[in-house]
Every structure is written in structure tokens, then in C-alpha cells.
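> Protein chains in written order, with the numbering used here: chain A, 733 to 858; chain B, 78 to 516; chain C, 3 to 502.
The reader is advised that the hints may include incorrect statements.
Unchecked claim - Quick list of simulated restraints, FRET-style, between CB atoms:
| hint | chain 1 | residue 1 | chain 2 | residue 2 | range |
| --- | --- | --- | --- | --- | --- |
| 1 | B | 259 | A | 855 | 19 to 27 Å |
| 2 | B | 94 | C | 196 | 47 to 55 Å |
| 3 | B | 259 | C | 43 | 15 to 23 Å |
| 4 | B | 257 | C | 331 | 35 to 43 Å |
| 5 | C | 323 | A | 797 | 54 to 62 Å |
| 6 | B | 463 | A | 797 | 57 to 65 Å |
| 7 | B | 96 | C | 468 | 51 to 59 Å |
| 8 | B | 96 | A | 843 | 53 to 61 Å |
| 9 | A | 775 | B | 301 | 23 to 31 Å |
To be verified - To list a few chain A residues with every Cβ distance to chain B over 12 Å, as calculated:
| hint | residue |
| --- | --- |
| 10 | 749 |
| 11 | 760 |
| 12 | 769 |
| 13 | 770 |
| 14 | 782 |
| 15 | 788 |
| 16 | 792 |
| 17 | 794 |
| 18 | 795 |
| 19 | 796 |
| 20 | 797 |
| 21 | 823 |
| 22 | 844 |
Read the hints as simulated data drawn from the structure, not as lab findings. Beta carbons are placed, not taken as given, at the ideal position from N, Cα and C, and that holds for glycine.
If you want the building blocks of each chain, they are given just below.
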Amino acid sequence: MAVKTYYTREHEWVRMEDGVAVCGITDYAQTQLGDVVYVELPEVGAEIARDGEAAVVESTKAASDVYAPLTGTIVAVNDRLEESPDLVNESAEDQGWFFRMEIGDEGELDELMDEEAYQAFVEELD
Amino acid sequence: MRYLPITGADRSDMLRAIGAPSVEALFSDVPEDALLAEPVDLPRHASEFEVERRLSRLAGRNRAAGAGPFFCGAGSYRHHIPASVDYLIQRGEFLTSYTPYQPEIAQGTLQYLFEFQTQVCLLTGMEVANASMYDGATAAAEAVTMANRVTRRSKAVVSGNLHPHYRDTAATLARFQGFQLEAAPPMPAGGEDLASRIDGETSCVVVQYPDLFGNVRDLSELAEAAHAKGALLVVVVTEVVALGALRPPGEMGADIVAAEGQSIGNAMSFGGPHLGLFAARTRHMRQMPGRLCGETVDAEGRRGYVLTLATREQHIRRERATSNICTNSGLCSLAFTIHLTLLGETGLRRLAALNHAGAVALADRLGERVVTPHFFNEFTVRLDGGAAEAVERLAGEGILAGVPVSRLHPGAGLDDLLLVAVTETADTDDLDALAEALS
Amino acid sequence: MTGNSHDTVSGDLGLSIEEPLIFEQDSPGALGVDWPEADAGPDRLGGLARSGPIGLPSLAEPTVVRHYTRLSQKNYGIDTGLFPLGSCTMKHNPRLNERMARLPGFADIHPLQPESTVQGALALCREVQRWLSVLTGMPGVALTPGAGAHGELCGMMAIRAALDAGGAANADRRRVLVPDSAHGTNPATAAALGFEVVSIPEDERGRVDPGRFEALAGEGGVAAVMLTNPNTCGVFENDIRRIADAVHAAGGYFYCDGANFNAIVGRVRPGDLGVDAMHINLHKTFSTPHGGGGPGSGPVVFSEALVPYAPVPRIVEEDGVLHLEEANGRAFGRMKAFHGQMGMFVRALAYMMSHGADGLRQVSGDAVLNANYLLRRLEDVYSAPFAHSGPAMHEALFDDRALRDTGVSTLDIAKAMIDEGLHPMTVYFPLVVHGAMLVEPTETETRASLDRFIAIMRGLAERAHNGAPLTEAPFHAPRRRLDETQAARKPVLRWRPAGE
């Protein structure tokens, strides 16, 4: 069965895989941005607090900060985005993931939205 | 008024269309007591001839470089500018165009910027160059802040032989941005040891090539020393014609080159407008300040050019931008690129060789008073009795002999040193005249 | 429908000629400048002579002149036609100014030659200061900044220096209040100097709400407000005095972005409105040419309170002789290698002298008249978000609400204007208005030119509603729409020889 995905109000998603949190930006976020041309990823080993700046995603006309949905340590980044930032447009919530973090407190997940709540949140924005 | 085409009849018609009783009524949002009822206390409008006469009189009170032997340098140089350069930059489609934000009707500007960026890379030996900065000093200051961003450090080590105005421009930013600038004392004869000043906190070492006093030195070891400590090497060039004769900074390990490009294509114009050149390594491209022009294709697949990587810039990134720069030195970069295209490989090399040969010829005439062992087209001369006094005296004789070091380093005990620049515009008679006047 | 550049043997079409890069026209042996070979005596380069080739192409002069002439023909300039870029002020550039700047007595003088040999240049600088001082009602003028954004740095540095001089009490003054409609340079400048940017939203009139501003200013820690007036929504901040009073009462300074000074020049002095510092873009208000992106010039006028902190060098007079003062204890420092954009000062002074006090008053009057004329003649077809709040100043702001159901965007209208022989207006700025179109006709357009613009804009709106294929425009420019995504994803920022 599919692993549960959580969402933030800043349009990041996070999913626990093998005890590690995988994070990226939502499909809604990528449509709002338009063609993604560059992603600035954090350094592996960086410790980032929840809601701290973790990455920057750029289209030709905008640059947006991406915040850490949870507190933790970056253990991997998606190197493929360097050559192929278009992955964020094509597969925002899967192949276009940004980074993986090791987290201390899985309880923080409960404070995020589930898919249904996020869909409702986004509909209200439009 | 010759520049204002709206007639009285137009004005009445248009006010009627707007539904306003008068032009003054359109200013109703201005606090009433701040709205001036009469013109301010300045002269009334003047004919073209009248303006020309009055400005020509002011111009006539200055001594133009072409009026006699001329040897001033120190960051601004007199070179011959081919007639076609000035003709081409005055074409209205260049002169009266805007920053190329609408690329479909600005391919002329964009293509020359792409060519300009390439020329700057070739000259400096670097991988990527931007579309220009205000001048060499602001380019150098921006290089330091870029090095701070790249290394995430905040201490710059600055050569004592960096032009003091460049040092001060960077120091102003340092004061307000809260980074350290550690400047070494000047060493007119060269031989400065900067490597020992670099430590684990250093973001960059800033060194001028050729330096203020004219010295040229191999920077490779300094680059290695900087890189060993995780710092960048910033190389400043104030006389870019030198790069037609000298090894380029990029070959010696420079990470950023900040240069004054006035020497090619642009008049001295009392110090401005000049042309800041800025070149770096591809890996630091996204930390660069200023505009970048890039190649792409249009909807029919034809090659074309656009401003790109704009997310670094203030109009998109606002308070997170790499720099607040907006307007740069567009038309000066056009003059530079046209002049350099005219010169080409052979022309630039010959021009540089002529400059160097002239400087060597003068240095030979001045003999042991020359302080600078190795130089390009500018060197330092020791004049017992004071350089400023000599310059003033020679100005009275119709010779502009150079820049006294005391003007740049007042109170530093360097009052007997004179900076002398020799370009292709000085002929043998000029060299003889200066040598004789200084003897 | 496509461009028809392939209908000829060459692919070129009349005056529309494809032009290769200079590097692709390399003809080794060709020379564009005749220099003799230098005498090959021993060099004194210390073993640092360049070893390999530089890689510059070789072209003869005719090829070079043709190259840049052809490039110029791919550009649109003010000389070509109406250039209604809001906030950028693209007005006629008189050629007299070019001639004056090229007088050898101005162009061929060195910044560091003896002061006794440049008294005319220093006098010209003083004259520019006098005009700017009288026009703004501000006592001090710093000439050195290289452009508007550099002027902002200058003004905000002087404010920081004045606050620092106030001692520890000001140490926590870090907040700079900036409206959301401001130019990006404002927040970028404040942030570059270590200030914390606090944004102020616009109210429904496109202005700063004074009550809200007073509340923000009252929260403490205020260093300055940075306000553009007239603002980028094209209207005058009519509560400017309350804003000035509020920031002064809070212990901060009033920085005015003078980008739009051309709307009030000769009629309103910022010094009468409580401004402490303001930069003036000589390339906007005083018509020094934009040159495809510069050079600009951004002198800053200061109130009495800030004059002591102005940067060096300064021009001072002693016994009738002018000097450059290179050091001053209270000056905040140096901003640039030399004294300022002399070439731009000459042009701006020629422009000011030509207009005179009476002509400059007409400049702002006609600029505002023209903008209001466009606003009233177009507001029924393009929605104008702030038109209800009174007259516009020198620019008319529209948005894309009236086009919402057509599928045509602000960008499409802009690109369609290109096909009509117009330069587009400023689009998507200010950021606070969705799909913004900011139109600044300037005072140098004729009535006929304005009417032609109106007719075209009305026609385009009609076509948009009738489903015309505007989303693919332009069709008739040297290039169709360019792929900015490709340019940014795989940056190619320089030419390289094949195979390198």
C-alpha cells in the first residue's frame, strides 16, 4: 500500500521511507512556479530546524524558498535535479524529490496536513 | 520648447477628454502648499546655440589631454578611440534603447552583450563574465561580497598595492555590511607577502595586476596559498590593455577578476562613466552580481539571446538578491566590444606592445629613478623634492606628467613618488619632453 | 501563421538580415586598426608575457561597421517610436547633449590631473549641484553614485552613518519600511546594508495607508522608510507629510526613491515634503540616454541633517578656486573610483539649461497630462485598478482583469504590441497588481503618437475578445518568442569554438 504523504502550508510534501523523511515541493507548487530551471539543494550533513530554509527552487521569473517540513539532518539530496530540474515539473511528488532527512521526532508529522486536508487548502487558494 | 511637442490646442483637447479644468488640477493629490505656483529660481529655457556656447566656455577652462604631453594613469587611461566606435554607439537604436527585457526587439543589444561577455572571458582567461558593472572599483567591491557568499566567510585580505580608491570603495561596503577588510601597507617596489596573511577565516585575497605602482608579478603561488586555506583569489585590473601583453589572471588561478574596462573604447571623461568588467568561474556563476546574457532559441528554432539567470537579481529576488545593481554600463560595454572587435587578436597585441615599448623607452630615459622593476605601461618614479610639486610645475609648462602618489596615499610618506603612464598616444617627442623636464 | 524568413534564397528578408557572431566572421590576417609593430627590444614584463593566443577574431573595419549596423537594426529605441515603459522614463534624448559631452574639455580630461587644469569641469559639477538643489529644495547634493540603485546605497549609507553617530541609542534601529509596490532595488539596497526589510502593503487606492504606517512606525526600531513618490502604481502618495512626520517621530529618516521625479520636477520640491534623502536618475528625469542598460547616474540630494555624512569626494571652494575634498571625518566613505559620471552630468546640464525652470515645469505637466489622457481613453477596455482614486501622475496603470475570459494575458498583449511597431509597456510590475501593465508615455510624444497608441491598444483588446491568436505574437519581429527556460536550464553565456 502507498505510504502516507504529509503536506505543509508552504507547499512542501514529506513521506517516511525506510525511517528517513523524503521531502519535495507539491505538484500544485510546481504548476504555480512554471518551468523549474534550477534547484539549490542543502548540503548533506546540514542540520535544519522545522520551517528553516532548506532549498531554493527557481523558475525563470521567480525564486522560492523551500522550508524543512520537519527538524532533522540532511542525509541525501537529489543530484539528478542538477542536470534535470524539469523533473520537478514532471514528477514533483516522486522523481523530483529534493532531499532526505533523518528526523528525531516523528510526532512532528502529526502537525502537518494529510492529502485530503491539503487538497482542501489548495482549493481555497484558487 | 523644442523638445516638447504638445501644443496649446492639444492640451485643451486632452484636458477636455480627461475631464480636468487644467493641468494643475491633475496635481490635486499634492499637498496644496507644496505645489509651486511659479517656476523655481533658475534660468529660463535656452536655445541650442546658447547652451552650446555656455558649455563650450566651461569646457574651455579645462586642459584636455590632447593639448600636450600626457602621462596620467592610476585607473583611467588615455587611448586612441577609432572614429567608427563613437559613430556606431551613437546609432539611435543602441543609444536610445532600454535594458533588453523584450528580447524579440533587442537582439542587437543582446548579441553584442553575448560577444562582449565572450571577449571579457578571453581577455581575463576566465569562464564566465557578466554584462558589466559601474566601474572597476565597484566591481572589485562586489567581488569581495561575492567571495563572502561563496565561502560563507567574512574577512577579506587586501593588497597594499591595490588602488586606494578601490580599497576604500570596498571598505565602505565592509563598514555597512559588517565584514572585515584587512588592508596591507603599500609597497611601491613590490615584493609584498600576502600569503602569510591568509587564514581559515579569509574569504578572499584581493590583489591588483599590474598593481597601483605598476608592478607585475606571477600570482600563481598566491592563488595556491589562498585555495589551500579555502579562500578565493580576486584579481583587480585597472588597465585592461595590459591583458593584451600579460598572462591572464585566469591562467594564474584567479577565481574572480574585477577590472576597469575604460581603456578600451571609452574616453577618460573626468573619471566617469567607466566600465566595470566582472568575470568568474562557472561553478560560482549563480553567486555573480549583475546581468547575464545567454544563448537560446526562438519559437521557430532560430538562435537568439536573452537575459538569463535573473533570479539572482533585485527585480526578482528583492532583499535576497546577490547585489542591488540594476542599470549597468551598457553603452560603455558596447564601445568596449566594438573597439576590441576592431583591434582583434593582432591589433590588441600590437597596441599592448606599443604601450609597453613606450613605457620601457621612458623608463630607460629616467634610469635609476624608476622604482618599479617589472611593469606594463605604468611605473613609479622617485622625485626628490616632491611629486605633487613637480606635477604642478610641469602643468605650468604644458606637460601633464602623471599622478603623484600623495594624491592617492596622502600622509603615507610617499610624497616623492610619481605614477607615470605611457600609452600609444605619447610619441617620442612627448617622452623626451617629460624626461627633460624631470631631469 | 509563421514568420516568413525562409521565403528567400538567403533566408534574409529585405532589411531584416541575419548576422553571425564576430567569432564566426574571423578572417585571420584582417585588421580593423592599423598599429605599427613595436620595436622588439627587451621587455620588462618580468617573464609574464602572454604565451598563447587570446582567441579574439580578426575583422577589417568595413566588416565591423556593417556588423554593428546590422545589430542595431534589430533593436527598438526611442528614436524608433513610442516606448511606454512605466517607471523607466523613455523620453527623447537630445543629440546636443551628446555633442556637449564629447567636447575634448569634458571627455578628454583625467580624473586625477591637477585641479588647476580642470576648474571648468569642477564648475560644471557645481552647476549640476545647484540645479538639483534648487529643483528639489534640498541643501546637499552627492554626485558620485553611478546609477539609481547606487544612489539608493548612498542615501541609505548616509542614514546609517547618521544613526550610528547618534550612538548606542540607535544600535537597534534596523527596520526599514518598504511598500510592496517598491522597485526591487529598494529592499535589495536595505538588505545589502544589513537592515531588516519590513514590507508595507498598499491599500485599495494604490497608496500607503497612513494609519497603518503610523502603527508600523510606532513599533520601534525604525531606521527609515523608503518610499517612491509618485509611486509605482502611478499615483501620488497624498499622505506623504503624515508618513514623513511618523517616521521622524519614530526617530527614523525618510528616503525617497526619486525614480519618478520627472512627474513633479519644477512643480514640487521633495524638500518641502519632509524628505531626508533622494536619488535622482539622471537617465530618467534629465534624459541622459539609457544606452541599452546604462551608464546611468544617480546623484543624491540630502536634507540638512544628512549633509555631513555625504560621501567623498566632495567639491569645495576656497578663495574662488574649486577643490576635490577626498577625506572628511564625518563622510560615510567612498563609493566609486572617481568623482561621478561626468559624461552624464554634462548631458543632464545641457538638458536642464535647454528646458530652463519654465520648460521643466512643462515637462512634468505634459508627462502627467499625457498619462491621464491614455488612462481615460483606455480604462473602459483595460481595467485600471486605481483610476477611481483620482488623477494619475506620469504613468497609467492597467491590469489584465478585463481580459480574464479571453485567454490572452498581459504578456500576450505586450508581444502583440511588438508586431504593431510599439515597444511594450512595463509588464508584471508593480508586483502588487496582478498582470500589471504600467504605461508611461512621457512628455516628448505628440498627440498623434498618443492617439495611434490608443487606437492600437483598443484594437488589440478587441482582437483578444474575438479570439485572435495573440498568444503566439510577435510574428514580425527579428525573433519570435525566445525560450527563456532553455536559457536558464542550460546556461550558454559565451561563444566557444566548435569542439571546445
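> None of the hints should be skipped; say for each whether it holds.
Hints, one by one, checked against the model:
Taking the beta carbon of each, residue 259 of chain B and residue 855 of chain A are about 57 Å apart, not inside 19 to 27 Å as hinted. For residue 94 of chain B paired with residue 196 of chain C, a C-beta distance near 50 Å keeps the hint of 47 to 55 Å intact. Taking the beta carbon of each, residue 259 of chain B and residue 43 of chain C are about 40 Å apart, not inside 15 to 23 Å as hinted. Range check, residue 257 of chain B to residue 331 of chain C: Cβ separation about 22 Å, and the 35 to 43 Å hint is violated.
Checked against the hint of 54 to 62 Å, the C-beta distance between residue 323 of chain C and residue 797 of chain A comes to roughly 56 Å, which is consistent with it. At about 58 Å, the beta-carbon gap between residue 463 of chain B and residue 797 of chain A stays in the expected band of 57 to 65 Å. The supplied range of 51 to 59 Å is broken by residue 96 of chain B and residue 468 of chain C, whose beta-carbon atoms lie about 30 Å from each other. In this structure, residue 96 of chain B and residue 843 of chain A meet the distance hint of 53 to 61 Å, their C-beta atoms being roughly 57 Å apart.
In this structure, residue 775 of chain A and residue 301 of chain B meet the distance hint of 23 to 31 Å, their C-beta atoms being roughly 25 Å apart. The claim that residue 749 of chain A is not at the interface with chain B holds, since no C-beta of that chain comes within 12 Å of its own (minimum 30 Å). With 12 Å as the threshold on Cβ separation, the claim that residue 760 of chain A sits away from chain B holds: the shortest Cβ distance comes to roughly 20 Å. At roughly 8 Å from the closest C-beta of chain B, the C-beta of residue 769 of chain A falls inside 12 Å, breaking its exclusion from the interface.
Not every CB of chain B lies more than 12 Å from the CB of residue 770 of chain A, the least distance being 7 Å, so the non-interface label is violated. Separation of residue 782 of chain A from chain B is adequate, the least Cβ-Cβ distance of about 21 Å exceeding the 12 Å criterion. Its beta-carbon lying about 8 Å from the closest one in chain B, residue 788 of chain A breaks the requirement of being farther than 12 Å from that chain. Residue 792 of chain A, annotated as away from the interface, has a beta carbon of chain B within 12 Å; the closest lies near 7 Å.
At roughly 6 Å, the least C-beta separation between residue 794 of chain A and chain B is not larger than 12 Å, which violates its mark as non-interface. Its closest Cβ contact with chain B, about 4 Å, brings residue 795 of chain A to no more than 12 Å, contrary to its assignment away from the interface. Separation of residue 796 of chain A from chain B is inadequate, the least Cβ-Cβ distance of about 10 Å not exceeding the 12 Å criterion. At roughly 8 Å from the closest C-beta of chain B, the C-beta of residue 797 of chain A falls inside 12 Å, breaking its exclusion from the interface.
Consistency note on residue 823 of chain A: stated as away from chain B, and its beta-carbon is indeed over 12 Å from all of that chain's, at 22 Å minimum. Separation of residue 844 of chain A from chain B is adequate, the least Cβ-Cβ distance of about 26 Å exceeding the 12 Å criterion.
Consistency note: the structure conflicts with the earlier hints numbered 1, 3, 4, 7, 12, 13, 15, 16, 17, 18, 19 and 20.
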